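Enquirer: Chains as they are written, first to last, in the numbering used here: chain A, 4 to 281; chain B, 62 to 326.
Be aware that a few hints might be false.
[Stated by the list, open to error] Covered stretches of chain B, as calculated for chain A (at least 3 residues, CB under 8 Å): (1) 123-137; (2) 189-195.
[Claimed, not checked] Here are the computed distance ranges between Cβ atoms for each label pair: (3) A:Arg119 - B:Gly102: 41 to 47 Å; (4) B:Ser197 - A:Ser255: 32 to 38 Å; (5) B:Arg165 - A:Ala63: 55 to 61 Å; (6) A:Gly118 - B:Ala240: 54 to 60 Å; (7) B:Gly198 - A:Ala15: 37 to 43 Å; (8) B:Arg165 - A:Pro124: 53 to 59 Å; (9) A:Arg166 - B:Gly198: 17 to 23 Å; (10) A:Arg166 - B:Asn126: 24 to 30 Å; (11) A:Glu116 - B:Gly75: 28 to 34 Å; (12) A:Val259 - B:Arg213: 41 to 47 Å; (13) B:Gly224 - A:Arg262: 30 to 36 Å; (14) B:Gly224 - A:Val27: 56 to 62 Å.
Everything labelled a hint here was simulated from the structure, so no lab data went into it. All figures in this text were calculated on a predicted structure; none of them were measured in a lab. Even for Gly, the Cβ is constructed at its ideal location relative to N, Cα and C.
Here's the letter readout for the chains.
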Amino acid sequence: MTNTAAGGARRALTLAGRLWMVPVVVAAWEIAARAAESVYFPPPSAILARLRELWFSGPASRLFLSDAALADFLPSLGRMFGGWALACLGGIALGVAIGRSRTLAGFVDPLVEFGRAIPPPTLIPLFVVLFKADTRMMVATIVYGVIWPVLVNSVDGARYVDRLHIETARVFGLSRTVRLFRVILPAAAPKIFAGLRLSLSLALILMVVAELAGSATSGIGYELLYTQQNFDLPGMWGTIVLLGVLGFLLNSSFLVVERRTLSWHRGAGRTGTTDRSN
Amino acid sequence: MLDVVNLTHTYGSGPDAHQALGGIDLSVSEGELVCVVGPSGCGKSTLLRSIAGLVRPTGGEVRINGKPVTTTPDDLAVVFQDYSRSLFPWMTIRDNVALPLRRRGLDRTARRAAAAEALAAVGLESAAAKYPWQLSGGMQQRVAIARALAYRPSLLLMDEPFGSVDAQTREDLEDLVLAVRGHHRMTIVLITHDIDESVYVGDRVVVLTRAPAVVAADLRVDLPAPRDQTGTRELPAFVHLRAEVSRLVRGKPELSMTPSHTSKE
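With the rest of the complex left out, here is chain B:
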């Protein structure tokens, strides 16, 4: 469904150039939920922005259903980490969710109905007439998820979606993602720096190295299907996997004297 082929990206040029991506290869099949983790500043967001067509990568290719991505793809939605800047503060919650549906060729009534349905799916039907800044951070991020759901994308990208909310809300939102994913068949790529989260939510965990990032490991998560915040997290398989991912992410010392990247795969 999604293919990333030898993707490289360099910001700037000359001596100040910063190579964020050093040749990423990644395939995601239909209906999969793939988590991408890596040390902070490793280029996770650049990868996501390249897939979304917001950044034109300096090398390599992103293909969605075989079609190379050149501008923002039709069938794609993004949930950004910074919900307060991604939601429009001058619009009500309902309008925020309904606005993108214009592209779906729906009339006003149909847009409102779809928005109401998506808001109900995230448990915010009663907040429809409020403004984003009247809601808590966790609620705002639920609105952003509702907006993505209403849009019915075949590919949903999430860029550290729960990075700015408290722990309790984070768990609720993780379960929300798992729940809505069950209802709407969509492919999800979730970027996170939280190792627990990547193992808990993902079907697969892709670990990136420090910048220039390459794929250090691509691990399948074999945990039983209805995941549970307490139950799943105490399974030996979960503990083992999170330790493995943790070693991969934190493995190398901050200022490594050893030359180049020693692959741990």
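Only chain A is shown next, with the shape it has when bound in the complex:
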């Protein structure tokens, strides 16, 4: 009992130790902004008030989300997760295929290197021509922008599956499907997850870029543009803060999922069974 209490206290202290900078920075910002009295740099208190007014003034039953929040968040998150999911599926499927086939890799590698070198926003005009400036164009931008980390990491993960794992699978006559889902994908999972996490943060960026460029009529990116054009600077800052918080939450939730899925990897790493030195 005292042990857990002490442990809890210690954890709280560690957390406080890590987080004490946040209120300090916010307070300093508040003081500096109030002293400067610049319209372009409203104090955090004004930003938070505007943020609350814009999106978080709804009823408690809806987690305080206002109608505007639903109208903005849902399309944005839909585009982002839709694009991310498509890119993940395509990236993993293609990546594992390339990683496991020398022939395919030989053909496709130069194309992949070329493709990933193109900055995704430069393709927005092309996607606008292809899809008009609607949701499909935004999803296409997101998919193109975030598929590369998934693809490259999947290739890497699938290519370097331990030879003995593959030979064991061959000796025991595992079918191609079983080999793929029970051996190759799990073995490549640590690499694949690294790619997925990278691409999730990219997806948020590209969601905003696509909404800014695609003259969307709703969404967080649209709101950013709208507040800026209407000289609603606390609103604009509020949107930026919102995006930062969203990115932080996405990354944290992804880490929780990753930690659960790859618990074996951390366990095996800790006991040194994956050590190849001998």
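With chain A's structure known, arrange chain B on it following the hints.
Expert: Just chain B now, kept in the frame of chain A:
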């Protein structure tokens, strides 16, 4: 049951080519336990990998029950030396043992039952829900043996299976192999660099020369049936045989100036 006919294998080509096997002839009959020993790097593993269909030999043939081996044979299991890389760390012990049984056309329940039985045979029934990396090296190798047992192969290949465990565990595992072999009638080819082990475990000891390896000697082990780690090892026949195998393995100096291989058979 198993026939290896004039098997040769060369890695690479040109000046860097390395000939591992120089024409191996070997026959193993049903139910036999044959140990293959030889100096390290002599191509023992290449021989095993050719039998398992993991390496396509550059010459000669491997036949199992008269059928030439071209891909990994149906009725064969392998226990590798490196258990930590051969077991899948993302699966529990139970799943590791049960996974290959899909090929046997068993449903999930039957697979789990067979896995439990095999784990009980190696004394690990209580570890079924653990992960390989939560077990000691010796236990992991027992899991690998259980996986091979559950698969019920007619031919079991073991590639230096006890090379990475401590001496005590090694003796336990040797006895385990002898015990399970009594229960399940299977043919076993065990590759080892340990001369004592080859004589203690085997019905026959096949000695290979340095690479390019050929069979230097094929010795029958005539030791009484229930072998015992202390008792068997002090028998004059055991001591004599291990000395003979030892001479065959270590016989030639490291950098021999004498031309070609002088057969001691």
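Enquirer: Hint by hint, which ones does the structure fall short of?
Expert: As far as the earlier hints go, not one is violated by this structure.
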